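There are 2 protein chains.
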Amino acid sequence: MNSGRLRKAPENFIARDGVARVFAEARNGRRDFLRGAFAAAAAGAALPAAAQAAAPNDGDPNILNLPEHTRGLGQAVATDGYGKPSKYERNVQRRQSPGLTQTTQASVSFAPLQSLFGIVTPSGLHFERHHQGWWDIDPSKHRFMVNGMVKNAKVFTMDELMRLPAVSRFHFIECGANTGMEWGNVAVPTCQYTHGMLSCSEFTGVPLITLLELAGADLKNGRFVLAEGGDGSSMTRTIPMSMIRSGEVLVAYGQNGEMLRPEQGYPLRLVVPGVQGVSWVKYLRRVEVGDQPYGAKDETVHYVDLMPDGQHRQYTSIQECKSVVTTPSGGQQLLDKGFYNITGLAWSGRGKVKKVDVSVDGGRSWRTARLETPVLSKCLTRFNIDWVWDGKPAIIQSRATDDTGYVQPTYRQLRAVRGTRSIYHNNAIQSWLVEESGEVKNVQLS
Amino acid sequence: MNSGRLRKAPENFIARDGVARVFAEARNGRRDFLRGAFAAAAAGAALPAAAQAAAPNDGDPNILNLPEHTRGLGQAVATDGYGKPSKYERNVQRRQSPGLTQTTQASVSFAPLQSLFGIVTPSGLHFERHHQGWWDIDPSKHRFMVNGMVKNAKVFTMDELMRLPAVSRFHFIECGANTGMEWGNVAVPTCQYTHGMLSCSEFTGVPLITLLELAGADLKNGRFVLAEGGDGSSMTRTIPMSMIRSGEVLVAYGQNGEMLRPEQGYPLRLVVPGVQGVSWVKYLRRVEVGDQPYGAKDETVHYVDLMPDGQHRQYTSIQECKSVVTTPSGGQQLLDKGFYNITGLAWSGRGKVKKVDVSVDGGRSWRTARLETPVLSKCLTRFNIDWVWDGKPAIIQSRATDDTGYVQPTYRQLRAVRGTRSIYHNNAIQSWLVEESGEVKNVQLS
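So the sequence lines, in the order shown, correspond to chains W and S. The first sequence finishes on residue 446 if you use full-length UniProt numbering, and the numbering steps up by one all the way, no holes. The second sequence finishes on residue 446 if you use full-length UniProt numbering, and the numbering steps up by one all the way, no holes.
Treat the hints as calculated values from the structure; they're not laboratory data. Owing to the predicted nature of the structure, the values given are computational and were not obtained by experimental measurement. Incorrect hints may appear among the rest.
Intra- or inter-copy, both count: the list cannot distinguish identical chains.
List time: in silico DSBU-like cross-link candidates among lysine-lysine, alpha-carbon distance up to 35 Å [to be verified]: (1) K84 x K352; (2) K141 x K355; (3) K441 x K87; (4) K297 x K441; (5) K392 x K151; (6) K84 x K441; (7) K151 x K141; (8) K297 x K87; (9) K392 x K84; (10) K337 x K354; (11) K220 x K337.
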């Protein structure tokens, strides 16, 4: 159903004059909005078309060609104690980009953004970024240590952590390298691969500041915390104490109502709202309080921004304001002219999304989209806007503004500062070309 | 981990004097909050206890007893294109109450509320209520009709519906019979079975009013809409036009970011915020506009409230303000005294939750809990509050107030009006008895 192709609607599912008029005419009965589909209904049949169009009549005139699901007895409750999506959705998967990495353990899978709705990412489709593969760690054996500049170093079991005061909050997580293949030119065809290192969940856990206080951390001189993961990559990242002190940084065990998934660091991961995903250390086993940045491998060699002058920027971990239209998007196919709901996602590592403007003419004119509520800080925001496609080539873009006033840049603006040799922190405006054939392609405007 | 038992923490995980003092003392280094667990750490070892406590040393002194997940290479990305929970969480399931119904097709499975966090219910654990079993209907064959008092009856394909203006909103859904077994006395031991016909999701779909307008519905004289499902139960329910006109009622295809699950009516269900689940018609195939209530079987014979005078109340479909503590709750076991995070859920079919009070002494005294944000209309709200258990018997209750000022009633108050012979719409305050042994039991105060 939702596999990335927009299928053909009846011919008169078209309204060059705009949606408002179509709706008004429909209300007044002067126009049949979807006439092609209504031949049967117009004859006055009270029986739904679904019933008419279904299973063959098995000879009993009383059965009236009812489909099997209307005639029969369905499946039992709790057929699955933990349910699965419909078999018709099996094409909606997170996927690895073939050839992107040399191993499948130090690699990425991308979330199918073009098939998703709202702001919650189903945990089964959450993007993955592993540095040494994923593990399913026994939580009864897992320990979490707080040490460094603390009065009493402490080690917590999961049970101890889960008895402490908890909070639940919705936040996006984006890999710093999301859209990273697009710096120089168009590299991949679909929204899944351009923007799919992005997901959003409701996280539950203990504010890290609570745990530091329990250990008697030196919150005055201890200006940085090192977070360390327990998998083979021993991921270590520096988190500034200012961020922790705000209470935003969580030691999380819950995600979208249940325990974290193994691929997301079960049983414990750091949640660092607004910051690139690599700092959300998975399989979290230790935090150490210190008085200076730790300069770990993954913040000095990787996850730095190569600038045009050959130097690199470091500790630029906040994900700036960004957005992307997810439908229509690259790889999809509009099979006729007429009305479409343009929809997409916007987010900012600095706070809330204030506004999303959408263009269908490559940025010459813009209309402001409708934001779905709730609009939350450092969280995905879903936007929607009406569009009537006239069948001519169109370039669709979205441009987000956050509540600091920061406006998402064009590629021209971004490259003027950053050049084209970076991997990380590409938040430029994305362009999708709708060709006359209805095919949607990834393009970059010069 | 999260299977409903709260495991033993060190002995001095206790603070009769309250959490604030424990935290202050920890900060000042005068008290070791979790001393028992910190023996190893106190020796100054920099190596996490997780590492020390793990796999046997295989003879190589450099390996330092590191656990396998720190030494080895993990599993590949996209091992599952659609991921699953940890194997250690396999006990967290939705479950049927044995013997509650005569068949497993016309039955119920309950969500494991005692194991969930935040407000989003994982779709795999969403409660089920089927009247004739569930189906996985081919969406390319599904049709949705609008007829009755309309200028032009219409039939929509899924593709047509999914091109129309969409909205996304978080709402709870509660079966009208939730907590229905508890009218007369304590019937079931756990929160899963007392309150588990309750779930909450982000729904995406088209406002029903949009579809009625497209069909040129008579919105003045057409005061009611009949919604009809396509499964064997042919569920039919009357929805007042006043509710639809507000734009709240959705014809939904999306749930928690993906397409509806088959058990939840894939590919189309009605979303009627604040109203009992039976009106959220699954496998939705038709709505008919009429000028009076339809008096369908499931609103005249079932889902009515038997009153003490022998008459029954009808069309009482809005789920009034209610709450429940999910931890600690019936069937759980507190294995020691000390600090606990009391947590639970509150909701109202009339609007937002304004306040949740919690008592640990059976309602003699109350403290106001902290509400997690966002607090949304007709949506679950997560509350948390600190508690230090002194090891004596305690009765834990929560009492929600919504933004209309309505206060959740006691059993005494509810029964004074409704008697004890109802099945539906029990929103009384739930009591959990913590015995000296730490065992938590479902009790009712007279």
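Quick check: which numbered hints come out false for this structure? Numbers 2, 4, 9, in rising order.
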